[in-house]
Amino acid sequence: MSKNKHLTLDDRIEIQECLAKGMTFKAIANRIGKNQTTVSREVKAHAQSHSNGYTRTEEYCPKLLKAPFVCNGCEMKSRAKCPYIRRIYVAKTAQSSYEETLVESRSGIPLNKESFYEIEQIISNAVKQGQHVYHAIKANNLPISTATVYRHINKQYYSIGRIDLPRAVKFKPRKTTAPEHIPACAKKGRTYQDFIGFMEDNDALPLAQLDTVIGRVGGKTIMTVHFVNCDFMIALLLENKTAAEAAQKIQGLKKKLKDNNFSFGDIIPVLLTDNGGEFSIVSAFEDDEFGNRETNLFFCEPSSPNEKPEIEKNHTLFRDIVPAGHSFDAFTQQDVNLIFSHINAVKRKQFGGKSAYDLFTFFNSVELAQILGISYISPNDVIQSPLLLKKL
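For the sequence shown, this note's numbering gives the first residue as 1, with consecutive numbering after it.
Treat the hints as calculated values from the structure; they're not laboratory data.
Since the structure is predicted, the reported quantities are computational estimates derived from the model, not experimental observations.
Misleading hints may appear alongside valid ones.
[Said to hold, decoys possible] Quick list of in silico lysine-lysine cross-link-like pairs, DSBU-like style, CA-CA up to 30 Å: (1) Lys391 / Lys354; (2) Lys63 / Lys92; (3) Lys155 / Lys128; (4) Lys256 / Lys313; (5) Lys220 / Lys255; (6) Lys21 / Lys66; (7) Lys188 / Lys249; (8) Lys92 / Lys249; (9) Lys113 / Lys155; (10) Lys26 / Lys313; (11) Lys113 / Lys138; (12) Lys256 / Lys347; (13) Lys113 / Lys92; (14) Lys187 / Lys249; (15) Lys313 / Lys349; (16) Lys187 / Lys313; (17) Lys255 / Lys188; (18) Lys258 / Lys187; (19) Lys113 / Lys66; (20) Lys63 / Lys44; (21) Lys391 / Lys220; (22) Lys349 / Lys391; (23) Lys44 / Lys92; (24) Lys391 / Lys249; (25) Lys391 / Lys347; (26) Lys66 / Lys26; (27) Lys390 / Lys220; (28) Lys26 / Lys63; (29) Lys354 / Lys313.
[What the hints assert, rightly or not] Derived DEER-like restraints, expressed as beta-carbon distance ranges: (30) Gly161 / Phe198: 56 to 62 Å; (31) Glu239 / Gly130: 47 to 53 Å; (32) Gln131 / Gly22: 57 to 63 Å; (33) Lys66 / Ser97: 31 to 37 Å; (34) Gln333 / Lys26: 41 to 47 Å; (35) Asp288 / Asp203: 19 to 25 Å; (36) Asn380 / Met199: 36 to 42 Å; (37) Glu239 / Asn154: 35 to 41 Å; (38) Arg319 / Glu114: 24 to 30 Å.
Using N, Cα and C, we set each Cβ at its ideal position, and we do this for glycine too.
Model the full assembly from the supplied sequences, consistent with the hints where possible.
Here is the structure:
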């Protein structure tokens with residue numbers, strides 16, 4: 001499901017066609033990959049009222065009081081028997097309305113030279129009297145935002161500077177670093193759409209999802225591997241969040257498995273991960289020691305954690321024990337193994353009271369779980385809170 005993204009014209013055309021077929025908002029949402037609330041709001045916001053020669057009343061049909069709130073799928077819509085005003089959702093009209101709203105929301109209030117200097121004089125005098133920028137704007141009903149004023153001050157458009165702002169001068173500029181990313185050449189044949197097509201042809205293959213959890217920025221990182229079919233999760237402690245470190249640890253895991261007569265490709269034939277730069281050495285994850293592909297690695301769309309929800313949800317169990325912001329720098333791999341042994345021992349409702357450890361060892365073996373660093377924890381000994389950190 002794609003959240004926090006604007007609907008496109010194609011999405012709106014799909015909504016119109018689905019409404020004509022009498023489909024529910026939930027079914028439409030699944031069809032276009034959006035939340036059903038998004039679809040409901042879209043239809044309510046852009047439905048248009050229509051009258052024709054058959055309309056004999058100024059009232060609306062009582063059916064419009066409930067979903068889908070429009071007449072698109074109604075059999076009476078084009079018949080003379082219906083006397084009510086119609087409400088119709090039209091994709092192109094909705095798109096035009098959306099685009100007009102978008103332009104208006106981004107256009108702001110244009111300032112000419114005279115009004116700019118007038119506002120500058122008011123703001124500068126107020127700040128020199130010790131007033132805060134927000135107070136000066138509201139006290140004088142100025143048609144400008146606080147962010148714009150600060151931007152103009154930083155660009156030295158005003159007669160005052162940051163030194164005149166008693167609070168702003170205390171703040172250091174934020175340090176920004178360009179995030180690592182997956183090169184486009186590495187994603188060729190490994191996109192999320194490629195993944196969907198691959199799984200349609202190989203739906204019997206077990207899927208694992210890959211991600212990283214950050215402790216202190218710049219410190220140690222934990223790379224997690226989640227076996228989707230049984231919610232079993234293992235973790236590798238990285239000294240830093242780099243591609244070289246991630247590649248070294250995953251290759252170390254492959255060697256450990258091989259030394260114990262297991263094959264990484266047999267256990268994890270398909271991997272799905274995000275666009276973090278630590279996964280950019282694709283061959284380390286896909287190939288065996290001889291350079292032969294044993295695992296198929298795919299990448300989600302950027303900023304789309306919803307495409308691998310299972311591992312994201314399982315991370316909440318980790319955060320029950322290690323809260324966000326807690327540094328991993330004091331952890332060893334043994335500490336990480338203990339934490340995830342407790343996580344895998346938690347009883348799951350969806351598995352009828354069985355734990356992820358129970359299912360994984362049933363489908364595989366206790367020996368394999370131990371090689372992956374996960375030990376059996378008695379149900380009564382499970383600690384699912386920061387109290388476990390005191391045992392490390």
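Numbered hints the structure breaks, given as an ascending list: As far as the earlier hints go, 8, 13, 19, 33, 38 are violated by this structure, in ascending order.
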